[in-house]
Structures are given as structure tokens and as C-alpha cells.
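Peer 1: The primary structure of each chain is shown beneath.
There are 2 protein chains.
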Amino acid sequence: MTEQTLILDGARVAQDIKDGLVSRVKRLSEQGITPCLATILVGDDPASATYVRMKGNACRRLGMESLKITLDAGTTTEELIREIQKLNTDPNVHGILLQHPVPHQIDERAAFDAIAIEKDVDGVTTLGFAQNAFGFAAYPSCTPAAIITILDYYRIPVEGKHAVVVGRSPILGKPVSLMLLNRNATVTICHSRTKGLGDIVSQAEIVVAAVGKPKFIQGDWIQDGAVILDAGYNEGNVGDVDYEACLEKASAITPVPAGVGPVTIAMLLKHTVDAAEKQLG
Amino acid sequence: MTEQTLILDGARVAQDIKDGLVSRVKRLSEQGITPCLATILVGDDPASATYVRMKGNACRRLGMESLKITLDAGTTTEELIREIQKLNTDPNVHGILLQHPVPHQIDERAAFDAIAIEKDVDGVTTLGFAQNAFGFAAYPSCTPAAIITILDYYRIPVEGKHAVVVGRSPILGKPVSLMLLNRNATVTICHSRTKGLGDIVSQAEIVVAAVGKPKFIQGDWIQDGAVILDAGYNEGNVGDVDYEACLEKASAITPVPAGVGPVTIAMLLKHTVDAAEKQLG
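So the sequences go chain by chain: A and B. Take the first sequence: its letters are residues 677 to 957, numbered as in the numbering used here. Take the second sequence: its letters are residues 677 to 957, numbered as in the numbering used here.
Looking at chain A on its own, in the form it has when it is part of the complex (with noise of 0.2 Å):
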């Protein structure tokens, strides 16, 4: 490309979002309502502690409020359960995220379904994965959300693209080929067991990361011009995309950091002040 690659600086889309959010926090609180995150950290990795504290403080620096549940290691299903049910029934929370991974002797699943439709504002319920899927949800998965709110923010265009989406998960790579799938693009959905997956990428207009490993996908297997969105975060601030090597072949693309992570944040802070005007009825 003798084209500069245009830096998708999900830094900046995030601060738009948050600064239109501003003025909705104050009407809310003018009516006496405090837009209020719970989240939930189960044990203590201190990678999720980081995150956990990450949106506490994105709250408090507008204005929202933040409730911090930490539970021990050894929590089971059924006591994490009763947490969120606590916070279902608690009017002065807004929006509920379970941090994840949680501790593997706890059905996730069935955690994540706890959650009240109304402040799944994460998007991580089995009902509101398939609104999502449908194109009516309240509140997509955050991750999804912020991939495509980044591709509107720049304006490029998914409809009659043909997308490759690498990654499966339930709260990422399922949602966002939906999503995508809806904007008209053509999507294909890759993982651990596709065959010929650089081939397969190399056809690709719009790629998505979204499978966990750093640097994973390569430069040579980038289409001229190909637009990139790095969902990745692995240790030492690394994506899943080889950036350096992609850089020269994209004609877009996300860095990590302040790429699609902090827009992920906006996402849900905004979802939580959607959830918060609902109370105003």
C-alpha cells in the first residue's frame, strides 16, 4: 500500500461516546437517579482485578456510580447466584457484569443467565445473545458493540463485504458474526479447527480477532487494503493480530491498546445509562 493505513483510534471513538454520555448522566441525576454499574469479581486474578477496577473508575469519572462485589475464589454457582439475584431486585443498580473468566467450579452459563435482561447491559445472556442475533437487543455484548461501532465511527462500509471473523465464543466471535451478518456482510467464521486458515483470512475485506492468542494472525495472509479489527488483549499489551506485519497490508486498523478495548468500556458504560433512562419510564 503506498497509502497511509488509517489508525482506528479507539481511544478517540471512546471519548466521543463518553462525552455524549455527560449530559444524559447529569438530566438522570437532576431527576435523582445515579446511573449504577455492579460488577462482580469472583477469586483473584489480578488481570480481571484490573479490568474490574478499569470500569470503577470510567464510572466515577462520569459522574455514574459503581458497586464492586468481590467474592472469594471458592465461591460456588449457587452463592454467586444469589448475588446476582440480590442486585436483579436492587433499584439503585442499573447494569450488572459478571467479570469473566470465573472460577472454573462455577457454571458460567448459567451465572451469566442469572442476570436480569434489563441490566445485562455486558450483553452476556443466552436471551439477549439471540435479540442480538435477531437485531433487537437492548444491549449486545460489549466487545461486538465496540467493533462495530468503531467501523460506523470511520464510516466503512460492511454491507456486501465479505468479513472473516476468527474466534467462536459465545460473548465475541458468535455475536459479532451476527452482527456483521446483519449489516449485509457476507461472514465467515473461523477457530481452532478450520483448515487453510490463512487462505482464508487472505479473502477477507473485513477481519476480525477474536481468538485469544498473541500476534496470531499473520501479516501474509492480509489482502491489500483489508480492514482490521484487533479484539485481543494477551499479556504485555499484545492482540491477536501481528500488527507491524498487518499494518502494511491494511488500509485500516485497530491498535493494541486504545483500539477496541476502550470503546469495549464505552459500550458499557453507555449501556448502563440506556438502562438507567428506562427507570424514568
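Think of the hints as simulated: they come from the structure by calculation, not from any bench. Hints should not be assumed to be uniformly reliable.
[Stated by the list, open to error] With a straight-line cut-off of 30 Å between C-alpha atoms, the simulated DSS-like cross-links for lysine-lysine are:
#, chain 1, residue 1, chain 2, residue 2
1, B, K871, A, K925
2, B, K925, B, K889
3, A, K891, A, K871
4, B, K889, B, K871
5, A, K871, B, K871
6, B, K744, B, K954
7, A, K702, A, K954
8, A, K871, B, K954
9, A, K744, A, K925
Take the given structure of chain A and dock chain B to it, following the hints.
Peer 2: This is chain B only, laid out in the frame that chain A set:
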């Protein structure tokens, strides 16, 4: 292809499934339970009336019951939902089928979602869709389930294969894509806005035609040795696949009729028996 193309005999697969149900229906009947499928037909579309009659007849041939509800073409969403709710609470009804499509004034999604998940034997609810997408639905949508069942019956490997699904409806294209994905296929989902459809289909080792247009899938799109599943059923007993042209290329293909159609009805019967057995506790 010099080798003979395998004709995937849906009538035979369906018969095997129904044969397997006979003893289960008998056992239930000894306990005083007759598995009952309630069918709802709104309006007087002759094709829909035929489908409903076929499903009712299929029930009776197995010693199951079929409760046929016929509603006026002018029925409102509210009226339809009230009928569904009656069936939800009727202990003699084990499965509910709302014949698709419904007249335009009805909110089809709202009507589908009024069906209690434990009676959603046709797999049309929003929640059922997501449970299927995550691999734990009690009753996956019947046509997608039929396609997977045919692949299984003929021991056609899916893992690592590239499957191309043409169509993205909530009860066919989307769920079958996710079911193939869950079986470790690499899945491409195409639709009316897809560019270069023929080129994409020509990469497929498994082709699922779910588009609702007669003879839409062309022979020269088909890779030598591909497996073709035709979920279409158009006027004049014609599928979505140009059968004669595709037959020459495919290693295996479902005919129309006697392909996916009869297996779809068998899945509906099986799900209704499954639901009735749950009443035994």
C-alpha cells in the same frame, strides 16, 4: 465425478426416526400419556394448510395426537398470543407449532416468543435459538436439525470442513450455520447481498441451500465432491438447488422431494415425544 453420487434419502432417514418413536409412544401410552402436537394455522394459505395437514397426519400415523387450531386470516397478534397461552397451560399439549408464515398484520416474532420454551418443539423461540447457538437447546429448529441428522445418518464428516450456507433466516440459515460451527465446520453465511456468490459456494465442501428460490444454486458453482443439502421447497416440487446440474458435481445430495422435508417432520415428531416424556418426570 466418475463415482456415483450418493442420494441422501430423506424418506429413509425419516422412516428410521419414526420407527424409533413407535416403542416410545407405546410406553407413554401405557402411562396414560398420548404425545400431542398442537398446530396453529392462521389464514388460508393453501401451502401452509397442506403442511399443517401433513404434520397432523404424521402424528396420527404414530399413535400421537394432533390438536389443530385454525384461526381467521384477520387474527391479531394479541388474539394469536392468547391462543398460544391457552396451549402453553394445557397439560395435554406437549408441543406447539405455529405454521410459518403468518399473515402480515401479525408480529411473528412476538407470536413465536409466546410459545413456552418447554413446548417449543419446532425451535422457533428467541431463547431456543440462543440455546441452540450455544449447543444446549432441547429442541433445535427442525429443518436445521434435519440437515445435521442427515449428515450424521450418512456419517458425512463435518469437522474442519468448509460449509457455505446460503440464507440467513432466524429458523433456518442462522441456526444451521451455528450448528455446523458447533460441529467444528468453518462456516460462511451468504445471502441476497453477497457479492460473488458463485465463487464463494465453489469453495464449499458442504453447501446448505436455504434461500427459498427455485433452482437458485447453479451446477457450475459446485466444487467436485461437495455435499449438498437442499432445504428449499418451492412451487412445483422444486428445491433451491438446480438438482440435475449439481448432481454431476456432488459426492452426495438431498433430492426434493424426499430429502430434507420428511426429516424435518420426523424431527418435529421426535421433539414432541421428547417433550411428552419429560411429563413422566
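Peer 1: Taken at face value, is the distance from the CA of B:K871 to the CA of A:K871 at most 30 Å?
Peer 2: OK: A:K871 and B:K871 at ~23 Å, within 30 Å.
Peer 1: Quickly compare the C-alpha distance for A:K891 and A:K871 to 30 Å and report which way the hint goes.
Peer 2: Judged against 30 Å, a Cα distance of about 19 Å means the pair holds.
Peer 1: Holds or violated: B:K889 and B:K871, Cα atoms, limit 30 Å.
Peer 2: Within the cut-off at roughly 17 Å; holds.
Peer 1: With a cut-off of 30 Å on the C-alpha distance, tell me whether A:K871 and B:K954 pass.
Peer 2: violated, 40 Å
Peer 1: Sort out whether A:K925 lies within 30 Å of A:K744, counting only the CA atoms.
Peer 2: violated, 43 Å
Peer 1: Next pair to validate is A:K702 with A:K954; report whether the Cα-Cα distance is within 30 Å.
Peer 2: holds, 15 Å
Peer 1: Going straight from one Cα to the other, do B:K925 and B:K889 come out at no more than 30 Å?
Peer 2: holds, 20 Å
Peer 1: Is B:K744 close enough to B:K954, meaning Cα to Cα at most 30 Å?
Peer 2: holds, 22 Å
Peer 1: Is the straight-line distance between the alpha-carbon of B:K871 and that of A:K925 30 Å or less?
Peer 2: holds, 22 Å
Hints 8 and 9, counting from the list given before, are not met by this structure.
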